Amino acid sequence: MPRGLAWLLLALVLVALPHGLSFSQQEILVFLTINVLLVASYRLLTLTGEWSLGHVVIMGVGAYASALLSKRLGIYVPVAMLLGAGVAALVAYILSFPLFRMKGFYFLIGSFAAGEVIRLLWKRFRDPFGGPKGLKRIEGMPDLDLGVYALDFFEPITYYYFAAAVVAFCLWIMWRIERSPVGLTFHAIHWQDKLAEASGVNVRAYRTRAFVLASGFAGFSGALLAHYIGTINPNSFDVEQMVFVLTWAIVGGTATFYGPILGCIVLTVLNEIVLREMGFEQMRPLVYGLIMILSVLFLPKGLESVVQRVLSARKTG
Amino acid sequence: MIVKFIKDGISRRRFLGSTASLAGLSALSAGLPGAALAAGKVVKIGFLAPLTGPVAAWGKPGLDGCQIWAEWVNNAGGIKIGGEGHKVEFIGYDNEYDPAKARAGATKLIREDGVKFVMMLGGDTWPGAQPVADKTGMLFSTLLPSDLGPDTSTLIAPAEVHPIYNVTGVEWLAETKPDLKTAVMCAQDDALGLPSVATYLAAFEAAGIQMQGDPLLFDPATTDFAPVVTKLLSTNPQIVCLDTCYSDYVHPITEQLFQQGFKGQIISCTADFYDQMIAKTSKEFMEGFIFQFPDFDDPALNASNINFQNPNGFFEEYNKRHPGEWGAVSWEYASIMDLWKAAAEKADSVEPDAVLAAMTKSGKGDHAFGRADWWGKDLFGIDHALVGDWPVVAIEGGKARIKGFKSIPDWYAKHGELLKKHMAAYGQMWNQRG
Chain P
22 MPRGLAWLLL ALVLVALPHG LSFSQQEILV FLTINVLLVA SYRLLTLTGE
72 WSLGHVVIMG VGAYASALLS KRLGIYVPVA MLLGAGVAAL VAYILSFPLF
122 RMKGFYFLIG SFAAGEVIRL LWKRFRDPFG GPKGLKRIEG MPDLDLGVYA
172 LDFFEPITYY YFAAAVVAFC LWIMWRIERS PVGLTFHAIH WQDKLAEASG
222 VNVRAYRTRA FVLASGFAGF SGALLAHYIG TINPNSFDVE QMVFVLTWAI
272 VGGTATFYGP ILGCIVLTVL NEIVLREMGF EQMRPLVYGL IMILSVLFLP
322 KGLESVVQRV LSARKTG
Chain S
9 MIVKFIKDGI SRRRFLGSTA SLAGLSALSA GLPGAALAAG KVVKIGFLAP
59 LTGPVAAWGK PGLDGCQIWA EWVNNAGGIK IGGEGHKVEF IGYDNEYDPA
109 KARAGATKLI REDGVKFVMM LGGDTWPGAQ PVADKTGMLF STLLPSDLGP
159 DTSTLIAPAE VHPIYNVTGV EWLAETKPDL KTAVMCAQDD ALGLPSVATY
209 LAAFEAAGIQ MQGDPLLFDP ATTDFAPVVT KLLSTNPQIV CLDTCYSDYV
259 HPITEQLFQQ GFKGQIISCT ADFYDQMIAK TSKEFMEGFI FQFPDFDDPA
309 LNASNINFQN PNGFFEEYNK RHPGEWGAVS WEYASIMDLW KAAAEKADSV
359 EPDAVLAAMT KSGKGDHAFG RADWWGKDLF GIDHALVGDW PVVAIEGGKA
409 RIKGFKSIPD WYAKHGELLK KHMAAYGQMW NQRG
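Chains as they are written, first to last, in our numbering: chain P, 22 to 338; chain S, 9 to 442.
No wet-lab data here; the hints were simulated from the structure.
Remember, predicted model here, so these are calculated numbers, not experimental data.
Cβ atoms here follow ideal geometry from the backbone N, Cα and C, with glycine treated the same way.
There may be inaccurate statements among the hints.
Said to hold, decoys possible - A short, non-exhaustive set of chain S residues, derived as facing chain P with CB atoms under 10 Å:
| id | residue |
| --- | --- |
| 1 | 59 |
| 2 | 106 |
| 3 | 108 |
| 4 | 109 |
| 5 | 110 |
| 6 | 135 |
| 7 | 139 |
| 8 | 199 |
| 9 | 411 |
| 10 | 412 |
| 11 | 434 |
| 12 | 436 |
Take the sequences, apply the hints, and build the full model.
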């Protein structure tokens, strides 16, 4: 199938998709779309070989910043979202100074500690962050009056289209970054950082660049979330959520651009739709955990390896 | 729908009507059981609470209690509306104590399942469901009145006025053990812990009990409570107050108090699964432990002013089905249903606005522990909390026993300003939130 036709088909499916879902599944679709951006941004960070435990907190920085900018300063929500992403990127840049004095496991632990410091600041300072209860009644996307029609962004379908368009654009940028010389340098640093350094690459600067870019996109996903559900609190961005992001990335695989996205989609659909519909409401963590163990045992290279096998079989066949 | 025709916007009734029609249409077309149940006069009630995860202890036992309640009511002919019996069916949705999932769950329960009333634990999850409540006008209940506010007129707190009832335990303690004059307190630093801290501070001040230092607020992620307890005991207090800690904290803290040789008085909002705490410490150590949630086999609950139907039988049936799982919320959601059923029958309708009007019309309601007032404007900005007497419970010989009932409104009439002062200091007044 020609590539252009495949993309067109995918776009049509994504446009038609919510109309085949129930109301609550549409809600889940919105959260799934936002999480796709989060997990894809996480992969961008891992391109240089560093895994962070603070990515969800950075998402929260974007959420808090965007919510506060719109609540306190009355900034138009889409602009506040962009600024929220910018604040997340800025915080990541500041954090990069201490964090990139570390590598590997130490970076992982350092990022966790930095994330916890940020979370504790949200809890400690009730003004402006709302303390443990967080922020409520965050402005939603304002309704858009098109004359004949009005777009009501409270409705999940409407917000899904908005979020999907934004996420698609962000994914395209991330794809372009990965394919650019900058992205190739990220890969080089991942696999041969000493060699890259010997070749004149400023490894720390490139790691910072990946961290800041990924954080900007994560911040945007946080802003999308905050202005949809209308409330955020420090627990929304705790280590438990981070474990979900890691799980999506590991189960999906991080070798390809689509691996973590695939992991996020499959596991979310499994947990939020399939298991609920099958009546495993209260046993979901058990079944979900079991399926994860099985997938790691039998698909150690992630779900992306299945896709790759199918694609290579089609090529050779 | 992605688009809506503008000009007059969309009303709550129209919103509910259109979505309920869609839900009904899809059920009919698919031949789902829901369609058959509708023909059999069934009223669906939503149960939107954490059924898994760390807060599940305050959700799942409530759903289990509601299932017993529904069986009893259905066997007795159901809810009488328009001269006909309507059976009650509970539809649960596990929100995992996550506001995003609370929103998805509220949407499902209202727009797909067509429920007429939604019960929640509240707390962090209520703000997620709040826009759905505002949009649909659905009647919601919460166990945490700190969710109440004048912005949402369809949220009620009819079972417990957490944390205000905690004043009754301190008041009883001051009356029966007047020699206890010093206290320390610890709590998790979250939406449940902080208003409770403010309440206990007011109660201790009103009782003339001196706090030995500021309350020790620990992070909810804490797992090692040895240093917390060591710090608490460093001032040699007579009373240790465990605030409204989750049972995951109450148990290890109590265990640490035992191990570190504390000999004084313990007071706590809850003591869920206290038999396990006794097993980890000793019957002697736990003797006199004060909390606020009785076992329903207590003879004191057979008094004529108690409105909960057959509490002893309920407790027995609950323990038969779910041995060892009785907790603070096992009866609470069922007691809300008693109130809702009475209001629905009075209104001769299950529609949310009619039930709410019937429930609050006289300004009084039949709370599980007796006749009570719809109250709360001072603290919550709206009189949607049902407040009356509350039991003080102590462990005696390894068993929880009600020591007496104390009136919350009477305490508030005397010490309301103290409570407001401490609530304001912790940013817990309705106009300080979010």
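Now for the hints, and whether the structure bears them out:
{"no.": "1", "hint": "59", "result": "holds (5 Å)"}
{"no.": "2", "hint": "106", "result": "holds (7 Å)"}
{"no.": "3", "hint": "108", "result": "holds (5 Å)"}
{"no.": "4", "hint": "109", "result": "holds (8 Å)"}
{"no.": "5", "hint": "110", "result": "holds (9 Å)"}
{"no.": "6", "hint": "135", "result": "holds (3 Å)"}
{"no.": "7", "hint": "139", "result": "holds (5 Å)"}
{"no.": "8", "hint": "199", "result": "holds (4 Å)"}
{"no.": "9", "hint": "411", "result": "violated (32 Å)"}
{"no.": "10", "hint": "412", "result": "violated (33 Å)"}
{"no.": "11", "hint": "434", "result": "holds (9 Å)"}
{"no.": "12", "hint": "436", "result": "holds (9 Å)"}
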